[in-house]
Amino acid sequence: MLSLSRKDVIKLAVLAAIVLTMPIWLAPFGAAYPGLMQKFVIYAIFAVGFNILFGLTGYLSFGHAAFLGVGSYTAVWSFKLLTMDIIPAMIFAIIFSGLFALVIGYFCLRRSGIYFSILTLAFAQMSYSLAYSVLTPITNGETGLLVARSDPRVIDGLLGADGMANGLPTPSLLGVSLSGYAGFYICAAFLIAAFFVSQKVFASPFGMALRGIKSNPTRMIYTGFNTKPYMLTAFVISGMFAGLAGGLLAVTDPIAGAERMKWTESGNVVLMTILGGVGTLFGPVVGAWLIKYFENIFSAINVNVLNDFFAVLPDGLQAVMVTILSKFTGEGWHLTLGLVFVLIVVFLPGGLVEGAERLIRRLRRSGRTAVKKKVVQQ
Amino acid sequence: MNAELPIAPVPNIVLHAADVFKNFGGLRALSDIDLQIEEGKTHAIIGPNGAGKSTLLNVIIGRIPPSSGAVIFDGTLLTGKAPHEINQLGISRVFQTPEIFADLSVLYNVMAPAFARRDGAFRVNMLRSVWNENEIRDEAEHLLQEFGIWDRRDDNAGALSRGDKRRLELAMCLIQRPRLLLLDEPTAGMSRHDTNTTIELLKKIKQGGMTKVIIEHDMHVVFSLADTISVLAQGRIIASGSPQEIKEDPRVQEAYLGGPVE
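Protein chains in written order, with my numbering: chain V, 71 to 448; chain A, 137 to 398.
These are computed hints drawn from the structure, not numbers from a lab. Heads up, none of these hints are tricks.
A few chain V positions that, by computed beta-carbon distances, are all more than 12 Å from chain A: (1) L106; (2) V246; (3) G337; (4) L409; (5) L413.
Derived DSSO-like pairs: lysine-lysine, alpha-carbon spacing no greater than 27 Å straight-line: (6) V:K298 with A:K217; (7) V:K270 with V:K284; (8) V:K284 with A:K217; (9) A:K340 with A:K383; (10) V:K81 with V:K284; (11) V:K298 with V:K284.
With beta-carbon atoms standing in for the labels, derived distance ranges: (12) A:E175 with V:R181: 39 to 45 Å; (13) A:N270 with V:A370: 53 to 59 Å; (14) A:D168 with V:M196: 50 to 56 Å; (15) V:L405 with A:S241: 36 to 42 Å; (16) V:I165 with A:G344: 48 to 54 Å; (17) V:M196 with A:T212: 42 to 48 Å; (18) V:I367 with A:I200: 55 to 61 Å.
In this text, a Cβ means the ideal position worked out from N, Cα and C, and glycines have one as well.
So that you can see chain A by itself, here it is in the shape it has in the complex (with noise of 0.2 Å):
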């Protein structure tokens, strides 16, 4: 363990941010912000918009620096740190909007990961052919299968569908195998018949262990995935727990769902 960590670390607790600020200017978009993923557990955080949800997002994978407060990654300190170094570690991430690679073909899409898996961050291998490297290839022709993308393998990725392209930022995240993935609101603008495909595909990854944190607005999707929820407002936590707990807390009712529900 590294002895230099601001904070102790958790027993079972794989990411852990601890006093995280961040200020945009005069702005405060995250204050005090203490949050525990659990090893093995989706841990959803929901929020009305602007309540900071990606901003917290964006500090946990490097994108923007937190004004104080550290990130710690399963005894690794991750302020301060590239995001291509956090990635390295574990962590990948689907976007909001589809981050894939529109020009190239589907199958090099999940094929790309899977290479910064295997040969770290920089690697010059001009000897070895990427058509050759069957064992790559197989699990993404596999994981495209599992997805229902397999036939357009060939086609750019830019050509699928909104639903298709989310599908495949999630498997070009899977085929890393990491220890912790992020999914920002990784069914917006689904309709219902493809959120619910996502709901499954993401309960069947549950089964593997992988520790995941889901920003969502649709309830549906929280309430059928997580096991503990938080609940951002105006850059603050104003509730962790399980979803019953999160329902019954009158706070949230008066911050998120606007008043008590039956």
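Bound conformation, chain V alone (with noise of 0.2 Å):
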């Protein structure tokens, strides 16, 4: 039942070496500090969630973020009303999220291509806008939902456990607070699950129709597949990831305003899914963690930085280099990443995780052929 076929097992595992050694590998990057890899994980469970709805059915959501909203909303109202701790968030959460998708989705399934997009794109666009206004008093506008010392947190009143570290409520695990590595680790726990979870999608029969609507609608109808229900699923399974994503965030953060909503954040989930590999199990989270570094890290170089970097060169040359270069980083990391973009999609349209494939086959193949060649010889 949670069997996966070999292959499977060894990409669970080496995605499992990744992640639980990021804080290692990460450390050269000048990346490994907990609250950013924790983004790291949480943006890849986002993309891989969305990746079972585009890379499987090949239809593009432009509303993702709505969901991810939901969830961090979800969440913060877990741990002011009921506990800090995060089960019954997560658990909140998802549910939420999912039900959100069932709504929006129902609608949004009616129509294919670029009508779904632009469906999904107006729903998110009017759920980022009714979370600033109408629904002030269950999102708190622009201030955002924040957890106060005063929330009731009813079952954290009854267990007579507080919630609080550092007189603030934190959100914590079985009473374990969640700060730091821990944060990070249980959020690299969630993405191992999700990752687990895509796979079995992937393998399934389930899978199998969905890649049968993308692949061909009209056969699908014509032997005997109900493909609207097929559909449904897929993106509300999407949405539940993105719900997941966004509780997670608010662990790391427990705070939730609507502009995690925004029609950007839905695009940067496209943008990381397309980078990484549409329809691959691995290249949404290639993606992720590509883009959430340049933003993070890219956009911290500045011109100091790069005149330490030349400091060796000559003064005219590292001038030149310098102001060349430093169009491409800080406040100008969104056009590198749009260079990066561009470059990929046109020469690796299949995203980076299918180049990576192309070259190991062409690696391999011209091993064969040198293995061939002296077989020959000899």
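Both chains come to you apart, so use the hints to assemble them.
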């Protein structure tokens, strides 16, 4: 039941090893601090879920940030009303974002192609505006939803725990406070679990049907598949992944704001998935890390850092290099990201992961022909 | 039996299209069609281009609704049903241009319809793995062997030759073990050699007792396979009968063959 093919077990083990050793291998890149690594891992979950919809069915949702936002708000409300423990918070985040996805998906999936994308975008922007205006009692508008010492926290009250650490309510797991590395490892465990679920979906007859819908919906219908519920299920599952990611964002920092639902966030997850490789298992993970790295590290490279880096060069050359490169770093990181994106879409249409796979195949083939040549010569 | 059927069921008739009309705007594509397909037989529908053959097939599989009339399959009213429901009742169709999963592997192409047969129109079975479904896999590989495309099973279906694509689509329909198989010009665009191979394949299936409806232009194919022939012209069935009767029918010679033949 929980079994995987041998290939998938290896992939899962590789992912687990890479994720759990992040504090080690991210150190040379200057990104090995828990807060950032948590973001890496959480956005990877977001992208893995998005890929179940986009990668398998080909339906491009431009409103997935809405589910991320719903997950965040739900988690914070669970912190406020019930307990600072993350288990109920995550469960509610997944359930509520799933229900939300069910409603939105029901309407959006009546259309396909560009109309589907526009509908999801419209719904997400509507949610974003509502969070700022009408729904202020639930979302706390521009300030964002915060936990406070005076929150009821009914379950914590019953158990006699106050959910506090350092005088402020802090998310915890069964009494263990989730600040710093503990928080990172919890998020990492969730990513590994999410990756496992996505592997199960990819390998199942359900996933096969989704691929069929992407490949030829006409044939699917005349083969006896009712494609609508398949699409809706895929939409809800990927909405739940987004909700989980949103909930985890609230664990790292117990605040939920409407800006998480903005269309740029929805666009980001599309970029992550395409950059890494649509429809591949690892692609969205790689893409999410790359974009978050650019956003957080590349954007911090300013003129001073560049000056230091090129200090070895003669003065004139140093100035030229710094002037050119400073346009691409710091504030200009979007420019670099855009260029990388264009290069990948044009030259590696399958994304980084497919590019890597192609490279490995070519190397193997050339290795094999080399062996053959030797044999022939002998 | 369904009591609400508009017409009484006829014994041995698996598919009955009764009083079917279809108008496209002002154009009358089908007019007063009464078609009875006998169980276990191969029924060919022939007629000049634009006679309404494909429209008739589309009405049967639920692709387009008839303007009036009813189609009954084995005691069930098909009119108003969704295409996937009609397939689940046991009707599979081979299209004029092959509808296959071009960017998926050949094996996958044949396995997917087998899942539709086993699991029905919709089932979320995320705990199972496609590659552990040995029974379905064996069946698919066996069928591919029979069709001579087993060695291409891991290639994308889009990379197959035109003849192989048609054979693949036929395999996709057969793995569903349909009670009624609809074939829309199964040999169009095929070489003589490929056409003959396909005829042999279809003859083999014939022995399995499956009912088949074939639309075909190639008279060689029609007369090698058909037990019964219906001739469509301008949306009407102008003649129905055994191949010999059809050959000799003066109306058919007039409308379709363009004049008397010796």
